[in-house]
Amino acid sequence: MQENAKRDGVFYKIFATILLIIPWIAYLWITTYDKAQPTLFGITFFYWYQTAWLVISSILYAIAAYLIYRGEKQ
Amino acid sequence: MIGILGWISFIIFFLLFTFLGFYGAKWRRGDLSKLHEWALAGRRLGAFLAWFLIGADVYTAYTFVAVPSGMFASGALYFYAVPYVATTFMVAMITMPRLWQWSREKGYVTAADMVEDRFKSKLLAGLVAITGIVAELPYIALQIVGMQAVLGVMLLGITSNVKLVSDIALTVSFIILAAFTFTSGLRGATLGAVLKDILIFISVISLIIIIPLKFGGFSSAFTEAQSFASALSAKHITWLSTGITYLKPLPALEAGYTTLWIGSTFALFLYPHSINGSLSASGKKQLAISDAFLPIYGIGLALLALLGLLAYSDKAAMSLLSKFPLSSMGIYSIPALAVSSLPDWFAGVVLLGIFVGGLVPAAIMAIAQANLLTRNIIKPFKPEIKPETETRISKWASVIFKFIALGFVFIVPATYAIQLQLLGGIIILQTLPPVFLGLVTNKLNKYALMAGLISGIASGIYLVEVANKFGPLSTSLYHLGGYLIWIGILALAINLAVTIIFSLPKIIKK
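So the protein sequences, as listed, match chains P and S.
For the first sequence, counting from 1, position 60 maps to 60 in the numbering used here; every step adds exactly one.
With the second sequence counted from 1, adding 74 to any position gets you the numbering used here.
Since the hints were made in silico from the structure, they are not lab data.
Where a beta carbon is used, it is the ideal one built from N, C-alpha and C, also for glycine.
Hints are not guaranteed to be accurate.
Once the Cα atoms are required to be at most 30 Å apart in a straight line, the calculated DSS-like pairs of lysine-lysine come out as [as the list claims (entries may be wrong)]: (1) S:LYS309 <-> P:LYS35; (2) S:LYS389 <-> P:LYS35; (3) S:LYS359 <-> P:LYS6; (4) S:LYS517 <-> P:LYS6; (5) S:LYS180 <-> P:LYS13; (6) P:LYS35 <-> S:LYS517; (7) S:LYS517 <-> P:LYS13; (8) S:LYS196 <-> P:LYS6; (9) P:LYS13 <-> S:LYS359; (10) S:LYS288 <-> P:LYS35; (11) S:LYS180 <-> S:LYS196.
If you only want the chain P side, here are some residues facing chain S, beta carbon under 10 Å, derived [unchecked claim]: (12) PHE11; (13) THR31; (14) ALA36.
Chain S with its partners taken away, still in its complex shape (with noise of 0.2 Å):
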């Protein structure tokens, strides 16, 4: 439900930014049938760039619908994604500099490389690879997720068949982004992530200051809140569980909170797209610096976390929200506050820039993926493919790749997609091992890291499902002694504890 002038301002934006991906084709022209040309953007990304990029995989459909829509059901657990942006980008620096530099010196692409090159086992290298590719679709699945709900917000009210039409957007949107992902590689992702980060500033900061001056601030905004959450208590309905003006202090929730942050500051950097990101920066010193202020750009995440509650002071984005199931309200919480209070131009401008953060981000992922298929599944079984090829497959796998996290958000409801999400981190995790370990050691025995892997990931998948005593999932936390922990950081340590086990006979003989 947007006006005429919102919808001409949002398809303005969506040109200039279709044209930027493709012009990317052309900027700091380089040999594109080379795939750290086209993957990497030619490895020359200055520090300034390289902060856009990587904080593109950062600010994703993740900060804009997962944290706010969190924020707005469960309330201030969700919080817990600002203590892991803050330190997430201090693995960064400690980690991605080392991978960049011998990732210059030996022309590794991915992370899967890397761990190849230092265990000698191209077995170990194909699980890290299959488990980044597993763990990314869903994060790709919920970017479209994100975009959707854009679109329905947009649509509720102009058409009775919201679904339908808001597929055919997204599908058209999926066609253009493949094209120029094929065409112009991580380059065009760049440029895209540039605009993409300008509209969203402008949008977050307009919209945290616009707010509470409209509608009484915080204080309106909680107390509004908790009549919502007692309203429901009488229905048996639980909501905003976690606490609305802070985490409910129960040493359960405050060790569950602390073990989300830290197991997600460790995840992000093992995600194939952000490791891509990095390795496409100019040089060592260019990457630690972009990395060192990536932290302010959570500033944002924290604003949009807060919108989440915010929603709740505005009478009319409420309204405009009860049109929705309340089990997948939230997701629309941060689309809907748009809509409702800024003119319609403006609106149609942040709702652009909220759909473009699922696409940039849906192309890194698809990239990062394309290059761990083509380089560590696909070339040890042909290891004869010339570069051009291994190029050549890698552009067709982006896109493949797309449509397949496409199809899987057409069938499986958006709420779930939520929730699969949740097993990606987990997942992505357990490659820790042989990713991070592998920069400092390579004393660990190769089938004991595979062991660890395996283990980590069947024992996080089992410990999802007892949470959720085998049912849907809405929780990734585990209760063990009192204490809810995040089931990511259980696996890492059976994982670790397998890896080391088994690696003892070898660390003991050197």
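Next comes chain P alone, as it looks inside the complex (with noise of 0.2 Å):
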């Protein structure tokens, strides 16, 4: 049983520690956004893109903290 949860442990870690690198990823890749088109409401993609990723990186450090810091209370 507490191999079992160990294992979990390790694979929680795994798994937050990916979600934590994904929105390195997005913004490193520069050439992916660096351009104009498709604008929204007359805001260029390079500008409106980096702006979404803010969302996108929240959602993913909330699931990650919430897998680390699972059943703690402090």
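Given two chains presented individually in distinct reference frames, assemble the corresponding complex, making use of the accompanying hints.
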């Protein structure tokens, strides 16, 4: 039983790490977003795409925080 | 240039802010003669309040002034602030909870406390502390420049001596700020941060909706910006040279963009005020959760950056801006937009938000500097000082640091203050090996860390001078093999190389 819990813990940590790294990949890959089209409300892709990733980043981080601190009070 | 209603709402909200600042001493009452009660609000801020307080470290005059100003003058390059805030909180999530845990267990108040304990070196801790204090000064100065920009726009046309009146107003505000930080410490700053953020959110959201509706949106702003830049290029002045609708897709510039955000990402949570904010959280989990949601806060930053470009579509704002010299026009862009496109009473609220947006971070920064001074510079020489004395010295030091920064701004022109902030980021990044690597290993040699820190700072300053041809500072990017690289990263590479090479004997021995 204890070993299972330990294995789960490692699994959750690896999964959380992947979630934390995803926004880095999105922003590092600058050639995918350094362009004007498609626009949104007249805002060019370069600006709105990076802004949208702020929201995605928060969601991924929140899931990661939940996984890392599962069951802890503090 | 703002009507009487604007002044009234500005003053009413400033009084409310002052009240909250002093009320902080009574809020969640603690023994304020203890340093962790005064400087860390008793480590009792839950996820929600910690979100506001740490958020206040991001939403500073850097956001209201430096980023929009950069977008206004240089263009898309300054949008690097967005990926920076997206990833900096990932760095915070993996580093700060561990530091929080150790601080709780061992009574650390500063990162230098941890460094001292980890590497058994008071000297190394002292160096980290001095670096923190020095790097923080231009950051506080930048806050004051932001407040000056607000006063500059408000006083335009009312008095012929804007500089004198604004200096007096700033001094008065700083006396009030110093008085309430002295009495209520981080509690006062936290309550101020909540008020400030509410005002700012309302302001940013209304500006970003009203301005495009009123002036034909982004496409007209982009066109106007283009013609403004063309008119200047006819006079051989480079303007908006990094691109308007997107970053010019040149590999050199893209490398500059990427290294700027990566470097800033690692730098933010090395700044003493960010660490101070993090340590005031009530728990590791609360801290991680508030960090996870902080990129959302960055949406406001993205909108403010875009407002720097939208200013071009507003003719009234542009004519207001034309009353300032070209070199400092950008720092007035957001206050000018508020005055030109909103009703007076509401413009007053927005301007106060920006004004307080400089004051609150300045308070947190001065508290963090004061802690470093007492804990890591004075205490090693006088180990017998009592905790109450320690707190008293910190309180007075926080007052003194604020006025040093104020004096600095009175002497140094505004454009220079922003440039010095560039140096601050490069310098603070050099504390990464002792602080962040110290969180994962104690196998580094203390002398190697000192040598690394010093060579990082020295090479950083030298490269900045070379990049600017030993003239006035205007860039922090260095040409290297056809790419532009943020100097902070280059200096950090040198720093890490020195640290690791000289630590090799110790690493191998174990």
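Hint by hint, here is what the structure shows:
Note on LYS309 (chain S) and LYS35 (chain P): the hinted pairing holds, with a Cα-Cα distance of about 29 Å set against a maximum of 30 Å. A C-alpha spacing of about 28 Å is found between LYS389 (chain S) and LYS35 (chain P), which places the hinted pair at or below 30 Å, so the restraint holds. Among the hinted pairs, LYS359 (chain S) with LYS6 (chain P) is consistent with the structure: their alpha-carbon atoms are about 20 Å apart, no more than 30 Å. Between LYS517 (chain S) and LYS6 (chain P), the direct Cα distance comes to roughly 28 Å. Compliance with the 30 Å bound is thereby established for this hinted pair.
Between the alpha carbons of LYS180 (chain S) and LYS13 (chain P) the distance comes to roughly 26 Å, so the proposed pair stays at or under 30 Å and holds. Among the hinted pairs, LYS35 (chain P) with LYS517 (chain S) is inconsistent with the structure: their alpha-carbon atoms are about 45 Å apart, more than 30 Å. A C-alpha spacing of about 25 Å is found between LYS517 (chain S) and LYS13 (chain P), which places the hinted pair at or below 30 Å, so the restraint holds. The suggested pairing of LYS196 (chain S) with LYS6 (chain P) is violated, with an alpha-carbon distance near 39 Å, which exceeds 30 Å.
Distance check on the hinted pair: LYS13 (chain P) and LYS359 (chain S) sit about 15 Å apart at the alpha-carbon level, within 30 Å; holds. Our distance criterion of 30 Å between C-alpha atoms is met by LYS288 (chain S) and LYS35 (chain P), whose separation comes to about 26 Å. Using a Cα cut-off of 30 Å, the hinted pair LYS180 (chain S) and LYS196 (chain S) holds, with the two alpha carbons roughly 16 Å apart. Residue-level restraint check for PHE11 (chain P) is violated (minimum Cβ-Cβ distance to chain S is 18 Å; threshold 10 Å).
About 7 Å separates the beta-carbon of THR31 (chain P) from the nearest beta-carbon of chain S, less than 10 Å, and the hint is met. A least Cβ separation of about 5 Å between ALA36 (chain P) and chain S falls short of the 10 Å threshold, and the interface hint therefore holds.
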